[in-house]
Structure formats: C-alpha cells, structure tokens
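Top to bottom, those sequences are chains A and B. Numbering-wise (the working numbering), the first sequence opens with residue 1 and increments by one. Numbering-wise (the working numbering), the second sequence opens with residue 1001 and increments by one.
Hint data in this document are derived by calculation from the structure and do not stem from the laboratory. Each hint should be verified, as a subset may be incorrect.
[As the list claims (entries may be wrong)] What follows is a set of in silico ranges between Cβ atoms, one per label pair, in the way DEER data are often shown:
| id | chain 1 | residue 1 | chain 2 | residue 2 | range |
| --- | --- | --- | --- | --- | --- |
| 1 | A | 10 | B | 1823 | 36 to 44 angstroms |
| 2 | B | 1804 | A | 129 | 37 to 45 angstroms |
| 3 | A | 9 | B | 1836 | 52 to 60 angstroms |
| 4 | A | 10 | B | 1812 | 52 to 60 angstroms |
| 5 | B | 1256 | A | 20 | 57 to 65 angstroms |
| 6 | A | 141 | B | 1420 | 48 to 56 angstroms |
| 7 | A | 77 | B | 1823 | 23 to 31 angstroms |
| 8 | B | 1423 | A | 141 | 57 to 65 angstroms |
| 9 | A | 141 | B | 1404 | 37 to 45 angstroms |
| 10 | B | 1256 | A | 15 | 52 to 60 angstroms |
| 11 | A | 10 | B | 1836 | 23 to 31 angstroms |
| 12 | A | 129 | B | 1812 | 43 to 51 angstroms |
[As the list claims (entries may be wrong)] For the chain B half of the interface with chain A, some residues (derived, Cβ under 10 angstroms), not all of them:
| id | residue |
| --- | --- |
| 13 | 1449 |
| 14 | 1451 |
| 15 | 1457 |
| 16 | 1703 |
| 17 | 1705 |
| 18 | 1753 |
| 19 | 1835 |
Ideal Cβ placement from N, Cα and C applies to all residues, glycine included.
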Amino acid sequence: MTAPVLAMERVSKVYRLPGGASYAALREVTAVVGPGRAVAITGRSGSGKSTLLHLASGIDRPTSGEVHLLGRDLGALGDRERTLLRRSSVGLVFQFFHLLPHLSVLDNVLVPSLIAGLDPRGEERRARALLERVGLGPRARQPVQELSGGEMQRVAICRALLREPRLLLADEPTGNLDEENGLKVMELLLALAREKGAALVYVTHSRELAALADESWSLHSGVLETAPGGRAAARERTSR
Amino acid sequence: MTRYLWRAAAGHLRGGFALLALSALGVALGVGAVLSIRLLNQGALGAFAGTVRAVSGEASLEVVGTSPSFPEELFPAILAEPGVTAAVPLTRTEAAVEGARPPLFLEVLGVDLFAPARLPFEGKELPVAAALSEPGWVAVGPELARERGWRVGDRIAVSSGSRRVTLVVGGLVDFRRLSPLASRRLAVMDIAQAQSLFGLAGRLHEVDLVLEKGASPAEVASRLSRRLGPSVRVLSPEQRVSEASGLLAAFRLNLTALSLVSLLVGGFLVYGSTQAALVRRREEMGLLRSVGATRAQVLALLLLEAALLGAAGTAVGIPLGWLAARLELRNVSGTVENLYLLEGIEKVSLGAGEVAVAAGLGLLGAVLGALLPALEVARRDPRSLLASLTLEERTSRSAAPLLGLAVALVPAALGAYAVLSPRHPWAGFVLALAATLALPLAAPCLVRSLSRLPGPRRFSAGYGARTLPLHLTSSAVAVGALAVAVAMLTGVTVMVESFRDTVVDWLDATIRADVYVTTPTWSRARGEATLSPEVLRRMAATSGAVRVDVVRQTFARVRGRRVSVLGVPAGAPGAEGRVRVLGGGAGAVFGRLASRGEALVSEPLARKAGLWPGDSVRIEGPRGEAAVPVAGVYYDYGSEAGTVMLDLATFARIFGAGGPSNAALFLAPGVAVEPAVGRLRAELADEAVVVRSNRGLRAEVLAIFEQTFAVTRLLRVMGLVIAVSGVLLTLLVAARERRAETALYRALGATRLQAFLVFAGKGLGISLLGTLLGFAGGAALAGILVRVVNRDFFGWTLELHWPLSALALQALAIVAAGLLASLYPAVRASDAPATELSRDAL
C-alpha cells in the first residue's frame, strides 16, 4: 500500500477567545490523502475549512491529535522544521492570490526558490515552462498588477507548483473569480496537479467544482464527513 | 464630533502607542532643540541686560567712555546739564582673582558711596568709615562669597593688568535683589580707592544720569554729546543692551537656524506618522464621510489629533530643552565671554513667555506636519476614500513631479540669493534652506528607483530593501527626514573641520614669536589691562632674547560697530609675517602702515562695513574721528566684529599714550622655548602676568574654538536622534501594515530568521538611502556654509576641507544606528504567523 501524503488522526483545534471562552474549529478529524489524489472540502463559513488547511500545511498546530505530512508528525517538529518541510513539500494557493505587487509575473513565480535560497536564474526555466503551460508565457515580465483576477490566480498556481510539491493546498482558489474563470482555473489546477503527481486538497463552496475531485469532504461545525467525489463516483458507476 | 475625537484618539493610542510615542518624541526633540537655543540666546542677553539694570538702576542715560575711560573733569559739566537731577560716577575694573581655577574675574565697581543711588548692601547699615578708610575695602556678592568661602575680613589677591592689588572683604552687596540676572561677580568699592588701586586716577568709565520728570532723554543725550566731545558716548540703558544684542546677532541666528533644522526633522516625523495613519484609516474617514461628516469635520478631527500629539511632544520637549540649555550653558557662556566680551551666562531661566513660544512651536509644527496629508484626505469624496486607490499609489505618481520641484529649487534659490545678497548678509541661508528642502522632495523618486534594480538573488536583507517602494509614503518620509539630519550633520561637520583647519593655518602663519606675555585680565579688559614697562624690560633681558614686540589694543567705533583696534610695530623686521593679506603683498602693506600711517582692516570688518583698499576707515577715538586710509585687508578669525590694525605711532596719535596689552618675545635660533618660558615665569613671578609658549597659546586658541562649536554637537545629535526615530517609526508602521506580506513569506516557507532579515533589510535600505541622499545634500550644504554663509554673514573666508575619515565614520554610525533601530520592528514583523494572511491585498 502506498504511504499517504497527508494523514490526520483525531485532530482537534480549539481557539481560546477573549474572556476565557473557547471555540472548537475542528473536532476529532481523521482523514487521509493519498498520492496524486484530489480532495475537495466544502462547508459553510466558519466550519473549519481554512483551519484544516493550516494544520495540513504545518502553519498551525492542532490542540490534540496528530497530523502526519509525508510520514512526519508535524506536532513533533519545531517551527523551523515545519517551515522547511512546508517549503519543500507543500504548495499553497489562496483565494486572494497574494501576489507581490512590486514583482513581475515571473519573479512572483520564483519567490519560493528565492526563499529556499536557490539561484532564481537556475529556476527560471522551470518557471517559464509553467507560465507557458498556463498561457502566461508572453506576459512573464509584466507587473502582476496589470493582470486580471483569473490570470493572477494562474500565476499563484505556478508559484505553488514551482518546487514540485507533493501536496497542493488551495483555499477557495476560485472564490474571487467569476463562474467561467473559476471553472477554467479549477480545471487547470486539477490538470497541473495530476501532471506533477501532486495530491491536491482544495476548499470550495461550489458543488460543481467539488464534483471535479476524487473525494469530497464536508465540514460541519468542525466535524468532518468524507464521501467519494464526482470523479470517484463516476469511476464506480463505470466499473459497475 | 468632539466625542468621536476622544474615542478615536483613545483607540489609536491603545492600538499604536509606540508609533504615537515616537512621533511625539520627534516633536519633543525638535521643541527641545529650539527651546534650548532660545534659552541660551536669551541668557546671553539677559546676563548683560541684567547687569546693566542692576548697576545703572533707574538711570535714564549713561555716559560711557569711548576708549573706554574718560577724564573725570567732564563730570561737573555732566552734572550741570539742564534736565539732569543726579549723576552717579563709576569706574569698572576687571580684576582677576589670583589662583582661581577656573579663572575668576571680579567686576569691581568704583562708586560714590555718598551718592543718593540705592545700593543693595546686606546688613542694616553700610560701614561707610571702613569703606572709605580701610585700604582695599570691597563688598562682594553673597553668592560668590558663599561659593568661595569668603568671610568679612578676608583678604583677596587680585590683579588688573600687571598690577597686583589686595582687596579686603568688608561687606556683602547683592545686585541680584535689583535684577535677578545680574552677574554674581559684581563687587563694589569706594570710587577714590578704586581709582587709586587700579591706576585710574582722574578717570571714569561711566556716569549714570537720573533726569528730571518730563525731560526728554534723547534731547539731553544729544546736548551732552555735543558738549562733552568725542571721548564719551551718551546712551540709554536700552541702547546699550541693543548694541550687545547686535554684537551677538550673527551668533544667535546661526544657532537658531541649526535648532530649527531639528524642528523641521520633527515635523517630517509627524508628517510621516500622519501619512501612515491615514493610509490605515482611509476607510474610517470614508465611513465618517458616508455617514454625514463634512470635509471640515474630517479635517478638524485629523488636525486636532495632530495637535494632541504636538501637545504631548511639547510637554516632554520643554523640560528637555531646559536640560539641554543647562548642559550647554558653560560652552555658550564661554563663547559669549571670549569672543564677544560680554557677561557670561550664569543661569538659564524658563519664563512663561518661553513656555508659550515652545508650546506654540510644538503645536504648530505638529499641525503643519499633518496638514498636507489631512487636507488630502479631507478633500476626497467618500467613494474614493473607500476605493482601493491608496495614498501610496498617489505618492508613487507624485514622485517624479516632486523631484522636478527639488531640481527647480536650485535656480529659484540662486535667483533669490542673487537678489537678496547685496543687501542682506543672511541671504546665504536661503541657499542652505533650499538645499535642505530639496532632499525630502527627492526622496520618493530615490526610493522608487529601488524597484528598478535587478531582482535579488537571495531572500534576505537585499530583498527587504527592494520592497521599500511598496510603502513609498512612509519610507520616503523616513529617508527624507534622515537625509535632512545627515545633511545637517555633514554640512556642519565639514564646516567646523574647515574652520578648524583654516584657523590652524592662520595660527601657523600669525603666531610666530616664541613666547607671549599678557595679563590675566587681558581676556576681559583688553586695552585697559596693560603690561608695566618693568615686564618688558625683564623680557628683553632674559637669556636668548632677540627682540620683544608689543601690541596695544583698545575698542573703538567704526561705522557704528564696536571694533577692536590694534597697534603693532609695523616697521619691525618680519612684522608682515604677523598676518596674511587678501591678495598677498603683506610686506608692501606693512610698509605703508609704518611710513604713511595707513591701516589694515580685518576681513570681517571689510566685508561688513564695505572697507577696501583705497577707502578710509573712520575711527571714533577719544580725540574725535580719525580717517585712516585702508592699505589692505587681512585674514582674521579672532573677532567677528572686526579689527583695525595700525602702526603703534598711528595708534598713539589717535588714542594717546598707553601701555601695551601683549608682548611677544623672539628667541635666538637654537634656544629651547619651554625652558625659556620657565625662566621668564620665574623672572616675572612678582608681576601679574600670563606667560605662554607659542605652542601653549595655539592650544588655548584652539580650545576656545572647540568650545565655540561644542553647542553644535548637541544640536547635531538631537537632529540625528529624531531622524533615527523616524526610521524606527517607519519600520514599526511597516511591521504593522505589512503583516500580511510577512505572513505570506512564512506560508511560502520563509523561516522566522529570513523574515527578520528581510525586515532588517528595509531598515538598512532606509538608512543607506537616507545617508546617501544626506551626504549629497550635506556636501552642497557644506559648500554653502563654508563658501557663502561664513563669508557673507561672518566675513570669514574659509578653506573647504573634507574630513573624509570622520565622514566615513559618521556614515557608518548612522547606518548602524538605522540598522539598530530596525531590529525591534524586525523581531515584531518576523513574529507574524502565516495564519495572519488577511483578505486584504498585499
């Protein structure tokens, strides 16, 4: 059996609120993401979707339970080790793109290499290839502020994929795009993740986009329910 | 709206105490710098005016000698003048207390103890009999007596010129009861005793006049002047204070200009913090406007907040200014005494007027600093305030026009200088102001140019510096403020070093004798402190002596200015080596001094009074006005007011016979100087004289020079502290505003150390750019201060010297201070967790 990319075992996250009260964002979540799998997470606002992604990437630590990324227990790692693991193995895509306005399209894609201390010039070929793949090759030297929302998100996807991560986490990647652009970006994200062999976990409010994943997880008040996604269901139907 | 103001102010205080505290510190240091200089300037004048008031009391007019004493035969004529009800004759003698360290001079007033004037003696009755009969009876100030441990009956050895006198403390006289700022070194004795003991037989220095009710002081003064002739001047006490004020005018203006730079930098800080706050609070203002607040209300809200900041800064700045004034008191007092021969400052007092001025400056500086950004926000409609276009973007767009304005300032300032300089010696300050103002205007373009640099290879400090254009408003203000402070620091450092080197060259050229002898009181009394013929005889007789040159000195008025007049042996061999003449040819010029009785005038006098070769200098001496042709102009850095140099014979023709105030001994080649100084000191042990070697005299002159410029050191440091606070403020703002950016880096795999280094890079970038821009501005400022301001304002030609190693050290210190200031914000920024990625755009 292939080792999972991400495994969560009875993970809970409780936030302390001012005045002594507490709020449980996640409750006893147990889930596994296998290599190359695509998982969609749905749920209402405040249901714990973003918290789950933070824990999966090692940005945050659970209150209880264990998160294993590529077999390593994130709870046992210090901040620096988690950061280095995230740097080498996780790609992040955000709803609001979070591109750096002072950098060009190409330089934005190259930021992870820069942070990793790799010579950006050596990484440039790969970055350009990614930009060509998403149709932004000719605009590599343009300031990112001149791009449309859909184009910005494609740049953010290239940035997330540059270091060929084993796990791609996307927090509402189409939330800031119109329906048509959202679908295009989502399809592109899924295709690129498949091409690179990366597992993809994405948060979405759209049933239509969730149906594109292998699995669909649903969060309700911090409690996770898992189900086969649209593609898995289609495969099951075909095999029958 | 008022309620909202208080709530908003309280909210911002809670949310950003460090930022507001730093802005208030900027105002505090600016107010402190200006206030300290105002207190010192006022102290310098106050000491003189206080002493005049204490001594002359209710006198409406004072008759004072021009040379500076006059024959007492004039007294009956003064008393007989219609309109004069009382006339109080005075002698004033500077007496050096022997063995006092630091040197102490009593100003001994010889007074008519039977005159109706009210003297503030302590005790029930003045022992008139003792005062008249006991030789050396003197009443001293109670404060000085306490300080020195003098009791009634104690004997004090003093000297006046080379004459030694023993005084006996007979009572206490407290002039501070009449005028709190009166000098504590005033002493009183019977006028007949004073004349006899100090060699002033038949001479007076001053007669204070009380006029009849209704008599016009101006008319009485005019009649008396005509009747008494040129040996006296008749002045009101106000005129005397005003003349002292004129003497100090350049010195005071120079210090004031320097202190205002600190206030300017403080204003920048408020501007920067207001800009930063408004970037953050744009939406709040948009909402206020949306719910019905008028433009005026928004403007008032923002300016009132700035005024509160100014009030907080002023509250700290006032005690700070008072403290700084106390710290610098000794240096400024020394300069006032040494260079201007006025009363030293004994204390500074903080009156309600000064507090009001300081408060006004602090509030006005803060409100003016906030005015532009506040107007910018107030004039916008709610829709644009709530839109995504930020102040940063507009600053970016205005960077090029601001640079254009900076460039345009150059011809504008040159034009203004060309128009103003023929009539106004301060016109050079217009150039200095333009050079200073151009720096913050050029700063946005300079910061923005960082974005054109090639992409950094590492995610470290260089990357951080390259992100400065992202928050252009605050970083450009920090760079601009730092540049202004660095420019001031550089300009003044180069000016002081240039001055020092010029003075050293001047001393090399002019101090050529081996040993110099003068009297302890020469530094205060000049021409009235003379060497006895016996001193000169013994000097000439000392072993190895080749020649003794003497100098006579007095003060006289030339074109309404009090100038120093020197009599030198112009015909003596090598006399021309005494000075460097503008345009050269000292030998020929000295020949004309000796053979034709012409004059040399010092450069400051030549420039200020417009006296050049071919003109005649009209010297108002005790025998009337003497017109002496000007043979040449010489470089002189000893007196700002100016000096006229004459041959001894010409000097005697104008001022009459008298003793020399200084003597210079030339030794035979090969004779060791220091042992000769020792021998001469032993030889003259019974005379009140000061014997210095060539080297010792140079060291003393340079010490006075250092003391004169010491006050600039504090001002420079204060300006720099404000600017470095600006760096800290900017980075604290950035640490808060750019949390999302740092969170993104952390999310993308940047370690805490990397985030720290990126942020420290911002501090390094601001420091480097500010220092770079400041040095460019400082070089221009140095050129203006050395070549224009010193020449036009003080009349001194200075050689421009660049102390490169000192400047390099300064640059390193500034960059290091900037970097140090960035450490705390960098730590705070690197603490931003990746979970804080907000929904705002980066």
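Taking the hints in turn, this is what the structure says about them:
1. A/10 <-> B/1823: 36 to 44 angstroms: 42 angstroms, holds
2. B/1804 <-> A/129: 37 to 45 angstroms: At roughly 52 angstroms between Cβ atoms, residue 129 of chain A and residue 1804 of chain B fall outside 37 to 45 angstroms, so the hint is violated.
3. A/9 <-> B/1836: 52 to 60 angstroms: 27 angstroms, violated
4. A/10 <-> B/1812: 52 to 60 angstroms: 57 angstroms, holds
5. B/1256 <-> A/20: 57 to 65 angstroms: 59 angstroms, holds
6. A/141 <-> B/1420: 48 to 56 angstroms: Cβ of residue 141 of chain A to Cβ of residue 1420 of chain B: about 52 angstroms, so the range 48 to 56 angstroms holds.
7. A/77 <-> B/1823: 23 to 31 angstroms: Distance hint for residue 77 of chain A, residue 1823 of chain B holds at roughly 28 angstroms.
8. B/1423 <-> A/141: 57 to 65 angstroms: 58 angstroms, holds
9. A/141 <-> B/1404: 37 to 45 angstroms: 28 angstroms, violated
10. B/1256 <-> A/15: 52 to 60 angstroms: 58 angstroms, holds
11. A/10 <-> B/1836: 23 to 31 angstroms: 27 angstroms, holds
12. A/129 <-> B/1812: 43 to 51 angstroms: With a Cβ separation near 46 angstroms, residue 129 of chain A and residue 1812 of chain B satisfy 43 to 51 angstroms, so the hint holds.
13. 1449: 13 angstroms, violated
14. 1451: 6 angstroms, holds
15. 1457: 6 angstroms, holds
16. 1703: At 54 angstroms from the nearest chain A Cβ, residue 1703 of chain B fails the 10 angstroms test, so the hint is violated.
17. 1705: 50 angstroms, violated
18. 1753: 8 angstroms, holds
19. 1835: 5 angstroms, holds
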